[in-house]
Amino acid sequence: MAEAFSLIHSDRSCLGEQSVSSQSGNRSVRVAEKERRKNEAEDSFVLALKYFTDVEAGTPVTGNDDFENHLVQVEKVAYSRGLAPEAIATMLEFAMSSRMGNGPCVRVLKCLLPASVVPQDCVVRAVAWLCVGKIPVNTKVLFVKWVLTVFDMIEAKDQLRAVYGFIFSFVTEETLCPFICHLLYLLTRKESVRVFRVRKLLELQSKLGRQPFLLHLLSLYKVFCPELVTLSVPSRMRSGFKNHVNPWKSALIGVQKRNGLQVASGISLTVASKEKTNSRKRKLCHLELPAMNSVVNNEAKTEQSYSLKVVPLVQINSFAQLLENMHRIELPAQMGSLLSSSLALQYLDCVQDESALLRLNFWLGHAFQEEFLFSGDGGACQNSEETLQFLNRLLCAQNFLQEGFYSSETFLYKFLTLWDGSLFRPQILGLLSNIPVIPSSQIERLVFEPLKQLYFTSSLFFKCGLLECMTNMLLRWLTWHSVYALEDDLDISLNSHTSINMTLSGFKDSVMELIHFVGHLACVGLRLEGCHSLLLSFTLDFYETVCDTFLKYGLPLLVMPPPGVFYPAFLATETVSVDRLAFIMHRYKINLASAKSQEKLTEQAFHISRQTISEFNHYVVVMVNCLWNSKMFHTGPGVQLREELLVKSNVPQYWKRFDLIHHHAFMSYAFDFHNQCWPGRKEVDLSVIKHSKPWGWYVEYLFTMGFDGLKQFVQTLISPQLPAGITQNQNQQT
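Terminal number for the sequence shown in the working numbering: 739, no gaps in between.
Careful: at least some of the hints might be erroneous.
Derived DEER-like restraints, expressed as beta-carbon distance ranges [claimed, not checked]:
1. V51 x T422: 33 to 41 Å
2. S323 x K557: 31 to 39 Å
3. N74 x D354: 52 to 60 Å
4. A133 x L480: 51 to 59 Å
5. G214 x G170: 24 to 32 Å
Calculated from the structure, these hints are not laboratory results.
Ideal Cβ placement from N, Cα and C applies to all residues, glycine included.
Let the hints inform the model, and build the full structure from the sequences given.
Set out below in structure tokens:
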């Protein structure tokens with residue numbers, strides 16, 4: 006029995022070893038087969054490229070199995086891992102030369118998906134083929150659209166700019182004109198602007214009308230040579246050129262992601278603007294900042310630099326080098342790379358090159374339009390880390406330049422209507438605080454309406470964040486006014502890099518609209534949140550800026566806080582809130598007194614409305630009556646309640662409940678002061694503090710506790726006298 010069992014066991018072991026050996030052999034066969042197929046595919050791809058290189062002109066397409074098989078092989082490689090630069094050059098030359106007629110051109114152009122870069126030489130040769138004249142218009146359009154799609158993947162642009170004139174000649178073809186204008190916009194430099202080109206564009210405009218693609222190109226020409234372009238170009242046009250659905254974009258992104266490469270920004274950012282509704286249902290593709298590369302070819306970089314006396318910005322490594330070559334800087338091929346370089350931002354800030362800002366805004370406009378606004382539902386969340394880095398980098402650049410970009414402003418106006426208040430909240434609010442002054446006739450529709458809906462339905466922390474955003478926005482607006490106001494004080498330049506101006510009265514109207522809007526938000530928000538101390542703190546931050554608009558920022562405007570802000574702050578349980586309110590009222594007094602004295606001395610001083618002075622006096626009387634004179638509910642201005650209601654409350658001496666001793670924000674300090682002055686007393690009697698000497702000591706005690714706002718309020722608005730009800734006889738009772 007034992008021998009039988011051992012035989013069975015040994016047989017099973019042999020079978021197991023044979024099975025393992027068989028599996029190992031099968032795996033080796035599969036690996037070898039896979040390697041063989043891969044080699045065959047590579048060999049067939051090489052043969053296909055050789056076929057398209059050597060094929061003779063006039064070779065028929067119909068019934069040509071070799072052509073079909075080789076083209077299928079190229080398409081297979083192109084859609085799976087993309088084409089190498091040499092393959093791109095070969096296939097583009099075959100397509101544009103029309104050696105086998107015009108039929109294969111469209112199919113070949115649609116499979117030109119670069120794996121890495123596009124050789125500049127092959128693009129220039131293809132442009133030369135456009136001049137032959139035998140290529141159909143639809144093929145020309147498809148080629149230019151392909152160049153626009155892969156523009157940022159072209160290894161350099163110097164040779165393309167050298168044939169600028171050839172490219173410009175195609176603007177006369179009505180079908181090609183929109184795409185040629187787009188390409189020229191990307192290639193234009195100052196030396197490209199000539200009188201005859203401006204005339205030609207103006208002739209086309211008179212023939213075709215004020216088309217956006219012509220206006221965009223003319224606006225760039227006007228930036229470089231304003232003396233040549235006398236046309237009035239709208240200061241605020243829709244950003245970007247029209248985007249037309251092309252067969253490369255999504256396929257190219259998939260290819261590069263499979264290859265593990267950074268998705269080229271040009272795929273998404275050089276062809277942009279509005280698309281049809283069905284094309285917007287796609288996922289977020291790319292918001293990474295491109296690397297900084299030179300426009301000039303690597304081989305010709307040294308010679309080009311010497312001949313043109315330009316220094317690529319990528320070669321600048323220090324601020325000292327930047328200063329030495331400030332007027333010889335060559336901007337990078339991809340303008341988005343400026344955001345990631347502090348030296349590039351310093352160049353923009355020092356030189357104030359409007360053409361560079363125009364190109365950068367163009368790049369940003371495409372980034373926001375294509376990859377954020379129209380990325381599909383949830384698209385931005387799928388690449389939240391990449392989008393977050395992009396927005397943070399943009400916000401950092403704007404803070405460095407101390408002004409926002411026009412493209413960011415345009416994006417925000419569209420995005421606020423779609424925003425849920427939580428997606429990238431700190432970044433969106435940060436960008437919103439950087440927008441320039443908006444005319445009062447538009448600010449309600451563009452900003453206030455969407456923010457109201459979010460504010461009243463969102464959490465406390467969103468309310469605080471929005472008030473902080475509005476405070477920063479007001480601060481920037483007032484700073485712009487104080488820095489860029491002209492000497493005659495009539496026109497205010499809203500942006501140091503643009504010519505957009507606004508009259509002083511219009512600027513005041515916009516600032517007043519903002520202040521009233523925040524006042525409304527604060528009043529309703531404090532009621533909704535039960536006068537939460539955090540929300541009250543952000544509200545007082547805002548009014549600390551508002552109270553100094555005249556003296557600190559030179560704006561002839563004074564707006565008082567509404568009662569819904571004043572009384573919650575005055576009756577707050579936190580001492581710091583009452584102290585800050587006292588400081589705000591002190592600053593209002595200083596600003597009003599200065600404006601009043603200026604009004605008497607000069608004719609140009611602004612007139613302070615009686616309503617503003619009345620509101621200020623009302624608030625001051627309320628604070629003095631409550632804190633100092635113990636007359637909270639006496640007849641006069643202030644919170645009024647019927648006498649019978651006050652009696653029913655059973656509160657003894659209710660008129661004293663909000664003075665500096667009994668106010669719930671200061672009562673703990675009153676107890677502490679009483680214990681220090683009368684340590685032996687078993688019963689606490691706060692009324693003794695009202696005696697003349699203890700009162701003075703108590704007020705000084707509060708000042709030593711750091712309540713500087715209260716100290717300035719007392720010294721400025723209250724005459725040095727004893728509070729009401731204190732007599733000199735009481736001075737002896739201590």
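Notebook entry, point to check: Which numbered conditions among the earlier hints are violated in the structure presented, ordered from lowest to highest?
Noted result: Of the numbered hints given earlier, the structure breaks just one, which is hint 1.
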